[in-house]
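Chains as they are written, first to last, in the numbering used here: chain A, 1358 to 1508; chain B, 1358 to 1508; chain C, 1358 to 1508; chain D, 1358 to 1508.
Quick caveat, the hints were computed from the structure, so don't treat them as lab data.
A portion of the hints provided could be inaccurate.
Same chains, same names: a pair is fine if it fits in one copy or spans any two.
Calculated cross-link-like contacts (lysine-lysine; reagent style DSS-like; alpha-carbon spacing at most 30 Å) [said to hold, decoys possible]:
hint	residue 1	residue 2
1	Lys-1474	Lys-1408
2	Lys-1489	Lys-1499
3	Lys-1386	Lys-1405
4	Lys-1386	Lys-1408
5	Lys-1499	Lys-1386
6	Lys-1382	Lys-1499
7	Lys-1489	Lys-1386
8	Lys-1382	Lys-1408
9	Lys-1474	Lys-1499
10	Lys-1480	Lys-1499
4 protein chains.
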Amino acid sequence: MRLVSVIGSSNSNEEEYRTAYIVGKELAKRGIAVVCGGRTGVMEAVCKGAKEEGGLTIGIMPSYDGHEANPYVDIKINTGMSWNRNPIVVASGDMVIAIGGHYGTLSEIAYALILGKYVVGYKTHDIDGIEKARSTDEIIRKVEEFYGQGT
Amino acid sequence: MRLVSVIGSSNSNEEEYRTAYIVGKELAKRGIAVVCGGRTGVMEAVCKGAKEEGGLTIGIMPSYDGHEANPYVDIKINTGMSWNRNPIVVASGDMVIAIGGHYGTLSEIAYALILGKYVVGYKTHDIDGIEKARSTDEIIRKVEEFYGQGT
Amino acid sequence: MRLVSVIGSSNSNEEEYRTAYIVGKELAKRGIAVVCGGRTGVMEAVCKGAKEEGGLTIGIMPSYDGHEANPYVDIKINTGMSWNRNPIVVASGDMVIAIGGHYGTLSEIAYALILGKYVVGYKTHDIDGIEKARSTDEIIRKVEEFYGQGT
Amino acid sequence: MRLVSVIGSSNSNEEEYRTAYIVGKELAKRGIAVVCGGRTGVMEAVCKGAKEEGGLTIGIMPSYDGHEANPYVDIKINTGMSWNRNPIVVASGDMVIAIGGHYGTLSEIAYALILGKYVVGYKTHDIDGIEKARSTDEIIRKVEEFYGQGT
């Protein structure tokens, strides 16, 4: 199963939310499942988009019971580790899409780069090693290139 | 999505393997997904059974890249935390089924009980708080009772 | 630096508290530092005993800020991982002493045995692989034997 | 006990190594213990400096047995969590000093800022929220200011 990590702030602005929502739709249309931190903001938006296209969504939850999951998470992986669950979010995806984000997202970008993941960033932290995308189309094109033909 | 944690040794004997395999099949027939530690033995058997009935299987992997996953794991959650990933296995299921097992399973049983999970045990550690089952049928009956009507 | 893990319930009874307190004193007298979960009950008792003899105490804390540390913890290692910090408690000691205890202690015993640690148990879970001690004296004698001459 | 987290690359250059070494000495002279990732490079240098002035050094180790600790670590906290131990390094210090560093250090800076820690950075990642220092003297002055009178 192809699986992409989508990261970004729980407290996203409207444009980030909309971007993540479309990314979720486009991933689901291509049969790609989404893994994220399972909460609000960018995480909610990408799950919402994915579910509207029949996709599969996985939330790596901070709590032991997943009560904080957004309503579009199919599978709650309950870690009980609070923010320490961040490396798991990025380690579980084939590649990573970062949309906006604050310090939590920064920690996830750092772990993605430690692990040698391909990271596509949209209006996110300016860190060496991130592949920048300037539009939703460009994000999706980079995903397609990553997986190669037949996506 | 209903999700049951199945725990047991990576080094199971034949009877444990067969039991886990049938449990996987029966869970999948009831539309229940399986979460486990993703490796060999009981973990492999339950995933194999589930896949043969079209079920969904999730492995909480010790490594950062999931290379050690058995071939029947659909979704690899890569933790990079070695044995420290054990609490995540049991926290992510609605309830827990323990089949045989050694010290790793014991740690998972302990965490399941810390978290107040319902634990059904088959030929596993004799720990207060575990509900014993003496056959595969009894394991499945207890799962059905746990979820109530319509399972 | 010699370091022993002492584990047991945060909700210990009087005898367990007294035992842990004396163990803390005896370890400190021998220049052995204590690592524990940093909270109340057995953890508090062993730290209190150790401090009264000028020993060093380390608490592996569940929270990110260590606010729940007992007043006898010198060094707070703040994990933010709640109960998932348990394996760290036992991995950090040269050997492990278990005094009484409930499911949290059981998880620590399991991890200690996974890691091949020498575990001395006093009125604790009856698990294969634990070396039983019937008195405080016997606990300390086993520690001395573990470290060999010159303790 | 006052405790400062010192972070930076395991693969530091000469100037970073020297800076960390002097910082270790100066912290120890002020009775401040050091917590770090316990490995080579900046982590080794700060421990070496601290030990030469009789300070106390704590390493939060990636492995379960601490075999990778540099020779100047007094207390090995063995996590078994590989890079996932990074948040523990910064959560355990009263404040954080970052010297140089690559992606691992970036993850630690991110966690320090998530947790609201005061972070002094010397030739490290350019992240909003870090207090920059341009010399070893300035690092130490900021530590003194952080702790206030009587450091």
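Contradicted hints - numbers only = Failing hints: none at all.
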